[in-house]
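Assemble the whole structure, with the sequences as input and the hints as a guide.
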Amino acid sequence: MFLGGCYFAQLPDPNEIQGMAQVDAEIMQRNIAMTHQKLDEQIRKGMISPAQKDAEIKRMVEGIVSYVKLDQIPEDEAWRFADLYRQAGDLETARGLLEQAVQVAPSEDRRVNDTMQLARVMAMQGDIKFAVETARKTFDTPPAEKAPILMSALYEIVPAGLNSKSKDDWIVLAQLLEDAIGQHLLVEVDPQTEAGKAFMASVGVHVEKAWDQVFRLYSKAGRDDLLRAAISRRSEQDEKVGKV
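Residues in the sequence shown are numbered from 13 upward in steps of one, following my numbering.
Please note that the accuracy of each hint is not assured.
Estimated spans, in silico, between C-beta atoms of each pair [claimed, not checked]:
hint, residue 1, residue 2, range
1, SER231, PRO118, 38 to 48 Å
2, SER244, GLN64, 37 to 47 Å
3, PRO203, ARG56, 15 to 25 Å
As a list, the in silico DSSO-like pairs of lysine-lysine whose alpha-carbon atoms are at most 27 Å apart [stated by the list, open to error]:
hint, residue 1, residue 2
4, LYS232, LYS209
5, LYS70, LYS81
6, LYS221, LYS179
7, LYS232, LYS177
8, LYS81, LYS57
9, LYS70, LYS57
10, LYS232, LYS179
11, LYS141, LYS232
12, LYS221, LYS149
13, LYS149, LYS177
14, LYS221, LYS177
Hint data in this document are derived by calculation from the structure and do not stem from the laboratory.
Every residue gets a Cβ at the ideal spot worked out from N, C-alpha and C, and that includes glycine.
Set out below in structure tokens:
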């Protein structure tokens, strides 16, 4: 397997990490993100497979967390370390850190994001019911803070939950996703800002993908009645807010 030095280029000297008072989670997150980009480029060039990339990222993150002093993680950094442990496959530790992060979240943005990440880890563990209940706790956030809800539900929580073999789980995931669409349509942004313009330009794409996934989940569960009802609600939504 040829990796072009990506893995080792992104890992600091182990002796350097070992000498730190604590691993700098923010820097490690950046290193991992950079490695993702470089390995994705190698995938596009046909140099490695997606499976090889996943294995290399996991090996990299496992190497990082092996130096983390778990009992010395600052409360305000718990969410960053949780991300490292999730990627390393230590979901129990990631869950505990995210539960802590939600409790001490200094802002509504941080609470929403950390709560959705907690729901994601729960879904990865197979706790679909608790994952959905946890994700729904973000629905009370003000319109200006709702943007992460659909994105996490669609691209993180539901994909993690698809490993479940339970039809009931598929149904509650579909219901979560459908309600997350409603949350997305309530988001308020400043259309004069670049971020606001980007959000407005992408709304239709994400909503369309979310509805398609809702339909697939109801179909997968063998619930044609729920599928037909969802299709009807989609049509009603189009009439009410316009085709998004």
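Going through the hints against the structure:
{"no.": "1", "hint": "SER231 / PRO118: 38 to 48 Å", "result": "holds (42 Å)"}
{"no.": "2", "hint": "SER244 / GLN64: 37 to 47 Å", "result": "holds (45 Å)"}
{"no.": "3", "hint": "PRO203 / ARG56: 15 to 25 Å", "result": "violated (34 Å)"}
{"no.": "4", "hint": "LYS232 / LYS209", "result": "violated (35 Å)"}
{"no.": "5", "hint": "LYS70 / LYS81", "result": "holds (19 Å)"}
{"no.": "6", "hint": "LYS221 / LYS179", "result": "holds (21 Å)"}
{"no.": "7", "hint": "LYS232 / LYS177", "result": "holds (10 Å)"}
{"no.": "8", "hint": "LYS81 / LYS57", "result": "violated (38 Å)"}
{"no.": "9", "hint": "LYS70 / LYS57", "result": "holds (21 Å)"}
{"no.": "10", "hint": "LYS232 / LYS179", "result": "holds (8 Å)"}
{"no.": "11", "hint": "LYS141 / LYS232", "result": "holds (18 Å)"}
{"no.": "12", "hint": "LYS221 / LYS149", "result": "holds (23 Å)"}
{"no.": "13", "hint": "LYS149 / LYS177", "result": "holds (25 Å)"}
{"no.": "14", "hint": "LYS221 / LYS177", "result": "holds (22 Å)"}
Hints 3, 4, 8 from the earlier list are contradicted by this structure; the remaining hints agree with it.
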